[in-house]
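4 protein chains.
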Amino acid sequence: MGNFKGHALPGTFFYIMGIWWATKSIMKYAFKKHKRTSYLGSKALLHRIEILEGTVLFGMAVIGMLGEQFNPGGPFLTLYDYKKGHWVQLLGWHHFTMYFFFGLVGVTNILCSTIRSLPASLAKIMFSNAFFVETFIFYNHTHGREMLDVYVHELLVLVTFLTGLVAFTEIFVRTNIAVELLRSSFVLLQGSWFWQIGFVLYPLSGGPAWDSVDHDNIMFLTVCFCWHYVLAIIIIGAIYAFVTWLVKSRFKRFFSSEVGLLKNAEREQESEEEM
Amino acid sequence: MGNFKGHALPGTFFYIMGIWWATKSIMKYAFKKHKRTSYLGSKALLHRIEILEGTVLFGMAVIGMLGEQFNPGGPFLTLYDYKKGHWVQLLGWHHFTMYFFFGLVGVTNILCSTIRSLPASLAKIMFSNAFFVETFIFYNHTHGREMLDVYVHELLVLVTFLTGLVAFTEIFVRTNIAVELLRSSFVLLQGSWFWQIGFVLYPLSGGPAWDSVDHDNIMFLTVCFCWHYVLAIIIIGAIYAFVTWLVKSRFKRFFSSEVGLLKNAEREQESEEEM
Amino acid sequence: MGNFKGHALPGTFFYIMGIWWATKSIMKYAFKKHKRTSYLGSKALLHRIEILEGTVLFGMAVIGMLGEQFNPGGPFLTLYDYKKGHWVQLLGWHHFTMYFFFGLVGVTNILCSTIRSLPASLAKIMFSNAFFVETFIFYNHTHGREMLDVYVHELLVLVTFLTGLVAFTEIFVRTNIAVELLRSSFVLLQGSWFWQIGFVLYPLSGGPAWDSVDHDNIMFLTVCFCWHYVLAIIIIGAIYAFVTWLVKSRFKRFFSSEVGLLKNAEREQESEEEM
Amino acid sequence: MGNFKGHALPGTFFYIMGIWWATKSIMKYAFKKHKRTSYLGSKALLHRIEILEGTVLFGMAVIGMLGEQFNPGGPFLTLYDYKKGHWVQLLGWHHFTMYFFFGLVGVTNILCSTIRSLPASLAKIMFSNAFFVETFIFYNHTHGREMLDVYVHELLVLVTFLTGLVAFTEIFVRTNIAVELLRSSFVLLQGSWFWQIGFVLYPLSGGPAWDSVDHDNIMFLTVCFCWHYVLAIIIIGAIYAFVTWLVKSRFKRFFSSEVGLLKNAEREQESEEEM
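Chains as they are written, first to last, in UniProt numbering: chain A, 1 to 275; chain B, 1 to 275; chain C, 1 to 275; chain D, 1 to 275.
Rather than coming from a laboratory, the hints here were simulated on the basis of the structure.
Hints are supplied without guarantee of correctness; some may be wrong.
As the list claims (entries may be wrong) - Quick look at which bits of chain B chain A covers, simulated, 3 or more residues with Cβ under 8 Å:
1. 44 to 56
2. 83 to 95
Said to hold, decoys possible - Okay, the calculated beta carbon distance ranges per label pair:
3. A:85 / D:83: 44 to 50 Å
4. C:78 / B:73: 38 to 44 Å
5. B:55 / A:199: 35 to 41 Å
6. A:76 / D:250: 44 to 50 Å
7. A:59 / B:199: 56 to 62 Å
8. D:116 / B:44: 50 to 56 Å
9. A:211 / B:47: 49 to 55 Å
10. A:59 / D:43: 45 to 51 Å
11. A:211 / C:211: 44 to 50 Å
12. A:139 / B:73: 47 to 53 Å
13. D:242 / B:144: 56 to 62 Å
14. C:230 / B:47: 54 to 60 Å
15. D:204 / A:85: 16 to 22 Å
By construction, the Cβ of each residue, glycine as well, lies at the ideal position given by its N, Cα and C atoms.
Based on the provided sequences and hints, a complete structural model is requested.
Structure below.
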């Protein structure tokens with residue numbers, strides 16, 4: 001990860017997954033309001049989507065793992081150099097382990113969707129585990145680095161911890177659209193923050209990194225982190241508007257009579273009270 | 001914010017909102033006991049109140065944002081001074097960002113009350129988010145300041161964190177008057193604590209600030225913080241007594257027969273068991 | 001508090017209350033199993049007990065407050081000495097404030113039991129508040145003291161925080177005997193720990209306090225704290241055995257026929273499944 | 001504990017209990033799906049298993065307590081050496097106390113299974129208490145040791161704290177297989193981590209311990225901890241597969257007709273929806 005690309009890659013992965021999870025949650029919510037009327041809200045499709053999601057996650061994790069191991073300067077699967085008597089590229093192994101746990105999430109997703117006897121909450125636990133492991137590793141990752149470097153990683157630790165925490169609470173509460181969107185917003189925040197770290201530590205212009213002992217930079221990154229979160233909120237808002245509009249307009253084609261529209265209105269009311 | 005007025009303004013805002021939220025919770029609770037008999041407890045009115053509340057919150061946030069940007073010595077929307085090569089008034093941007101998130105709460109309140117398909121818990125999440133963001137920013141706000149200054153802001157961080165935490169738990173539990181009043185009491189505490197900070201750091205007499213390295217001052221502010229909380233509890237108690245008396249006396253005018261009073265008594269008992 | 005008596009007094013108060021709360025919880029649990037058959041389990045009695053409990057708590061708090069203010073060397077209600085320009089006996093004011101919040105708990109208990117419209121969870125919130133305020137004050141209480149002194153107070157902070165936390169969770173969960181006993185065990189632990197602090201810092205023999213920089217003392221106090229907790233568990237176990245035996249033997253007198261005993265057995269089974 | 005065996009013993013104990021708890025949870029889950037058809041899922045057997053479990057736990061704790069007290073160099077039940085005026089082997093007493101609390105868990109398990117009037121959640125509370133006490137003692141255990149020694153114990157503190165936390169949440173939620181497996185995985189992690197600590201601090205080869213100030217060792221142990229967790233997950237996965245296969249194949253012998261198999265399939269679906 002010790003370059004711009006190494007931060008842009010996980011950033012992009014998290015952004016894609018964040019957008020996908022937000023879309024999935026909103027679609028489920030929108031379809032639940034218009035229930036029994038569509039193939040898209042059916043259980044069979046959901047299972048297929050879960051399997052696809054798991055496969056994509058697993059693929060991303062494998063790309064990440066291979067990238068960390070076999071990039072020039074990576075550990076190439078060697079853990080200890082017995083000749084020189086020191087560990088080989090432990091930071092690379094750190095990143096490898098993080099990707100590995102996200103790969104496990106993908107595998108669990110696939111297993112929970114194919115083997116019916118497996119409890120669904122297992123996938124949720126693995127999900128929050130992956131984020132907690134990421135938190136744990138990043139927390140012990142920045143020893144001996146400079147203030148600015150440590151600080152941007154601390155913010156990463158903060159957001160991964162919060163993601164894990166929210167995912168963990170989801171095991172105990174019933175499906176709650178607001179909590180799911182909160183989790184997605186944290187994933188988006190993490191994604192764009194990875195990009196920000198890349199820009200700060202390895203500027204694209206090839207110029208020097210930001211002054212790592214100037215406290216003003218830390219003051220700025222504090223608000224910058226919040227603005228990244230605003231961006232995540234805006235993106236989720238846009239997805240919400242778009243998906244809701246899509247589901248509604250799609251339904252209009254089916255129920256082009258006034259009766260259908262009235263029914264929808266009734267259902268909306270019902271499902272809202274249900275929440 | 002670097003003067004007395006900059007602390008009195010948010011203090012006043014929080015105090016007004018704290019009193020309002022306590023009043024709203026108690027009114028809802030009192031009307032729930034006498035249900036179906038009044039327009040004031042109806043859903044239509046509640047929606048209008050929510051919209052009004054959102055508008056007021058939004059207005060306060062805009063005033064705060066403008067004040068932080070365009071007061072003499074503010075950043076005037078400039079983030080980076082390329083000539084001199086340093087950030088412009090980052091503390092002002094910090095405050096601006098906090099106000100911005102409270103503005104978002106106002107907007108979400110309005111949206112959740114007008115667009116019926118939006119889940120109500122979204123407004124609660126934005127609410128707790130705003131307090132957590134405030135916690136986060138204040139936590140990274142006082143670098144390099146003196147002990148007393150840091151301490152009064154740490155107490156602020158404590159109370160905003162607790163407010164956010166209580167607001168977050170409200171997403172998961174059913175409406176609970178006691179938890180709502182707890183949250184309101186924290187908001188009141190924050191409001192009066194802002195005033196206290198103003199008095200400590202920028203004494204109105206124009207005299208010097210308190211001795212910032214005398215540990216006795218910190219010892220005093222510790223108990224002072226608790227006394228502010230006692231004040232918040234007393235104010236909420238007074239609001240409770242007043243609102244309950246108001247609702248009861250208002251009902252007497254409608255049901256001036258003994259039958260009505262008996263009915264009320266029955267209802268009270270029922271709704272209490274319901275809690 | 002700066003002597004042995006100042007620690008023995010709150011220690012005794014907490015021990016009495018801890019034993020009482022454990023007894024109350026176990027009695028409620030035992031009577032619930034044999035329901036509808038006894039005056040002792042009736043709502044009317046419970047209300048009277050709550051009022052009595054509130055009065056006792058309030059009385060203890062008043063004794064504590066007066067003791068802190070008017071003992072020789074106390075602040076005598078003076079907060080600031082304008083002549084000498086320094087605060088008066090802030091540690092005394094700290095203790096005063098803690099007692100004050102426990103007094104508030106007593107007042108809330110009485111109010112919640114007499115005014116029926118008040119929600120019962122309000123008393124629980126004030127209860128957890130009192131412990132959190134105690135945690136907050138003790139946390140900011142030991143500035144500039146020696147290692148051993150700080151450590152014994154840190155353990156106090158730990159146990160008051162846990163008590164507050166458990167009391168706070170009780171707002172959200174249904175009555176749960178195990179959680180109530182956990183809370184009572186923490187209160188007992190706090191009570192006996194106050195005595196331990198007294199013995200450590202102000203030995204009764206009049207000899208010198210323990211060596212406050214010897215780390216072995218801290219190592220010992222760590223296990224000693226656990227043994228205090230074992231003591232609390234044993235005491236609660238004894239109370240449980242005694243109360244259960246008392247309730248059972250008391251019932252035998254009423255239902256001296258085999259039918260009654262069989263009925264009891266049935267009820268036991270029912271109520272256990274209910275839990 | 002100050003040698004390899006002192007760490008291998010608790011490590012083995014925790015590993016055995018972790019495997020057993022995982023097996024028990026999965027068996028309960030598997031039998032619940034095929035309910036009313038087997039003696040193995042009956043309440044009577046469960047009670048006996050609980051008593052056996054409690055006895056084994058108690059036995060392990062007694063072995064540990066005796067080992068800590070009466071190994072050469074142990075305290076031999078002496079707490080304070082009045083002649084030399086210092087505490088005797090406080091680290092041994094630390095370990096003794098931890099074992100003692102696990103012994104209490106065993107006793108509570110036995111009591112809750114034999115005395116029917118005792119609430120079942122009491123055993124759960126004692127369970128989480130034992131882990132919290134372990135956390136507390138290990139947290140105050142490593143004063144003045146070297147960086148590596150402190151770090152491996154910090155990771156132990158982390159995992160015992162998480163175990164206690166998950167066990168504590170189990171008091172409030174309904175039986176949830178995923179949470180139970182999470183707890184078991186933490187117990188397994190703790191078990192294998194004890195072995196790892198033994199290998200790190202007291203290498204079997206008799207050679208010197210790892211370089212305790214080389215930060216690379218800490219970097220490695222960070223990922224190593226995660227790999228131990230992966231191992232725990234794999235073991236639980238294997239147990240899950242084996243137990244599920246066992247329960248299914250066992251049922252085939254009973255229901256060798258197609259009707260039985262169909263019924264099973266139906267039940268599986270039902271119980272899954274139930275979750």
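Right, here's what the structure says about each hint:
1. 44 to 56: violated (count 0)
2. 83 to 95: holds (count 6)
3. A:85 / D:83: 44 to 50 Å: Hint holds: Cβ distance 48 Å, inside 44 to 50 Å.
4. C:78 / B:73: 38 to 44 Å: 41 Å Cβ-Cβ, so the 38 to 44 Å window holds.
5. B:55 / A:199: 35 to 41 Å: Holds - the Cβ-Cβ distance for residue 55 of chain B and residue 199 of chain A, about 38 Å, lies within 35 to 41 Å.
6. A:76 / D:250: 44 to 50 Å: Since the Cβ atoms of residue 76 of chain A and residue 250 of chain D sit about 47 Å apart, the hinted range of 44 to 50 Å holds.
7. A:59 / B:199: 56 to 62 Å: holds, 60 Å
8. D:116 / B:44: 50 to 56 Å: Between residue 116 of chain D and residue 44 of chain B, where Cβ atoms are some 54 Å apart, the hint holds.
9. A:211 / B:47: 49 to 55 Å: holds, 51 Å
10. A:59 / D:43: 45 to 51 Å: holds, 47 Å
11. A:211 / C:211: 44 to 50 Å: holds, 48 Å
12. A:139 / B:73: 47 to 53 Å: violated, 39 Å
13. D:242 / B:144: 56 to 62 Å: holds, 60 Å
14. C:230 / B:47: 54 to 60 Å: Once the Cβ atoms are compared, 57 Å apart, the range 54 to 60 Å for residue 47 of chain B and residue 230 of chain C holds.
15. D:204 / A:85: 16 to 22 Å: Since the Cβ atoms of residue 204 of chain D and residue 85 of chain A sit about 19 Å apart, the hinted range of 16 to 22 Å holds.
Hints 1, 12 from the list above are not met by this structure, while the remaining hints are.
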